[in-house]
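J.: Taken in sequence, the protein lines are chains A and B. Numbering follows my numbering, with no gaps: position 302 of the first sequence is 302. To get my numbering, take the position in the second sequence, counting from 1, and add 1000.
Note that these hints are calculated values from the structure, not bench results. Watch out, some of these pointers could steer you wrong.
To be verified - Facing chain A, a subset of chain B residues (Cβ under 10 Å, in silico):
(1) T1080
(2) A1083
(3) K1093
(4) A1120
(5) K1124
(6) P1250
Beta carbons: idealized from backbone N, C-alpha and C, even for Gly.
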Amino acid sequence: MYQKTVERKDREGNIRNVTEYHHRLSMVVVLDPCNKYPVGYAIGTHETPALIRQAFRNAITHTEELFGSKHHVYQLQTDNYNKKTLTPFYEALSERYTPARVKNAKAKVIEPYFKHLNKTYCQLQPNWSGFGMKARKENQPNEEYSNKIRHTFPDEQGCVDQIVKMIEAERASKKSAYVEAYALLSDDKKLTWSHMEYLSHLGETSGDTNRLNGPGVILQINKQKFTFDCFDPQFRMHRNEDWIIKYDPADMSQALAVSTDGSLKFMLTDKYVQPMALAERTAGDAPELARITQHNRTLIDDILQVQQSDFDALNGLMLRNPRIEETLGKLLIVDSEGQHKDNRNAARIQQSVKVLEAKHTRRDERIAEKSKLQTQQDYINSKIDINDFI
Amino acid sequence: MLTQDQKTGIIEALETFMELHNFSQADISLKADVNASYLIPMRKGKSTVTMGAKEIGISDMYFSRIANLIGFELEEKLITTKATPQLTFIISKLKDCMDHSEAGVLIGQTGAGKTFALDAFKKKFPAEVFSVKVGASDNLGDLLQKIADELKLDYWKGSKSVKIGLIWRELKRRNEKGLKPMLVFDESEYMKQTALCAFKELYDLLLNICPLVMLGTEELTENMTRLIRRKKAGVSQLMRRIKFKTHYIPEVDTRFTLFLDGVDAELKKWLQANCANYGELTDVLNPCLREVKRLGQPLTLEFVKMVLGL
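Chain A extracted, bound-state conformation (with noise of 0.2 Å):
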């Protein structure tokens, strides 16, 4: 449990500060059953998905701690909570997804280990909240005890930090074992990520699409800004499309901007600020000003050979086509009448002129032609009438 001072109103209507000492938080804990390891965990004051979400990021940033590499799964299991939306995201983070079965808690192993957690770990904090509900009266914390010392409970930072401190034990005391497992383990069923499928599948969004502009791609969460850049030339032929910029909240430093329709991906990586004064520079400043240098230059490199490439693409047409070099191409310089754009494209609206006189002389054609017809036609219906014939 932790204290929490919330704002309460009272009977005159006046807020109060007010503590409470019930608050407990939840843990969300990946775990590979092999000996029970918590590859990930997450902690917030409820179960959510973003929570969900957070602790498979957990997992796979501390699979790459512990095996060199990100890794996602061959088989995953878990329970039945918000099964709609997270089902994707399940599928994606494994090879075959088998969620237990619905009201089968015996299913999984995760609520054994639960119990674990809390006897070996909980149990022994002063604000510890107990079991169940229907656990025996006399196994939970004694009430009234726990009532007096309220006052030291820790508030929600404190409590995060203790959890914190019991996963990192238990991850210590089985982290060798879990490490020799792995070991053990066929090549075929370590599946390992690149950072860019890692955010592919498992990156946060905005819930908005971003733009390049002149500083960067600039990301905006919880008003906080974050400018990202890309060093790959191509992004920059992309500068009209709407990026879904996928991120690690715990890992900023990197990005994965995503098209719209998900046929462009490219890495991002966190811009670097250059210091102001050169007092503050420091000894990583200068590669990062060389690489930006660098990369411009390259920018420039292509950028002069499409102008060459253009250039051999039109030099024909140019030459075969004077006009367009000729004053009025080149200058706007206007007639008495002021126009400088009838001038210059006489020659193109002609040649308009006389595609529409050939539609509009086909088109009378076709008038004339009907109203002979319609015309023979009368004639013929005046002689005869084909009522006796048919």
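Starting from the known structure of chain A, fit chain B onto it as the hints suggest.
T.: Same frame as chain A, now just chain B:
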């Protein structure tokens, strides 16, 4: 097998026909190729004929021949006749030719309804309009024989020139009787040089007696142009005679507005895309409408494809 009602209907229609066109019993016997000894009891409403002591049934064949002659429909028409621009054009030109005793050449695309229009015209003037269908393998002799069969000539002997004379004599005789005989050559694009020359000869002989009309596709004029280029005797003379008597039938509008009113939109679109003329349209619709009538199913594109095995 004809029912008694159908037979009665044919005989009633025959009586009306004879009265309308002033046909004698002998004329009907000759034109329908039904022996008078059968025709007499048929007109009396009998289905048998007495041969000595025996009563022999009159075959349905004779009733069918009379039905064909008078244009009596033995089966219900699935597609009703519509006054298409092509039909009115052809009939008006044929009527002009008949009224003014002028030759004519009517050129139109295949399937435009040329033969259909000719049949309709012939039914209106059964005693005056005679038609022959030119075949791809017909030589001059065959063509003259077809004309003789159509005119029911009793005497038919001698050289080709003599036979042309016999045809002229028969048509002249009919003209003198106050009729307006008319000879129409259908599918005349198959006419070879000799047939074209015979046409020219008949044209000269029958001037002001019996107009000659050719119905065909553009291949006829192309053929004649080619023969003229090769300086084939007689063809350029014929061309001179018919040059300004050649009429081009209006092209078929493949939207078939007159025929497809009320037809399922999808089927309509398919028919418009796949049928190039009335002939093809009839070939598609006739079997399908027959099956619609038999099975009581709606006429849809799916149904049409099933019936046609597409």
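J.: Would you check whether T1080 of chain B satisfies its interface hint, that is, whether its CB is within less than 10 Å of any CB in chain A?
T.: The hint holds - T1080 of chain B has a Cβ within 10 Å of chain A, the shortest such distance being about 8 Å.
J.: With 10 Å as the cut and Cβ atoms as the points, is K1093 of chain B at the interface with chain A?
T.: holds (9 Å)
J.: Should the interface hint for K1124 of chain B be scored as holding, given a Cβ-Cβ cut-off of 10 Å against chain A?
T.: Status holds, d = 5 Å.
J.: Was the hint right that A1120 of chain B lines chain A, CB cutoff 10 Å?
T.: Holds. Min distance 5 Å.
J.: Does A1083 of chain B meet its interface restraint, that is, does its C-beta lie within less than 10 Å of any C-beta in chain A?
T.: holds (4 Å)
J.: Regarding the hint that P1250 of chain B lies at the interface with chain A, is the smallest CB-CB distance below 10 Å?
T.: Holds, because the Cβ-Cβ distance from P1250 of chain B to chain A comes to roughly 6 Å (cut-off 10 Å).
Checked against the numbered hints given earlier, the structure satisfies every one of them.
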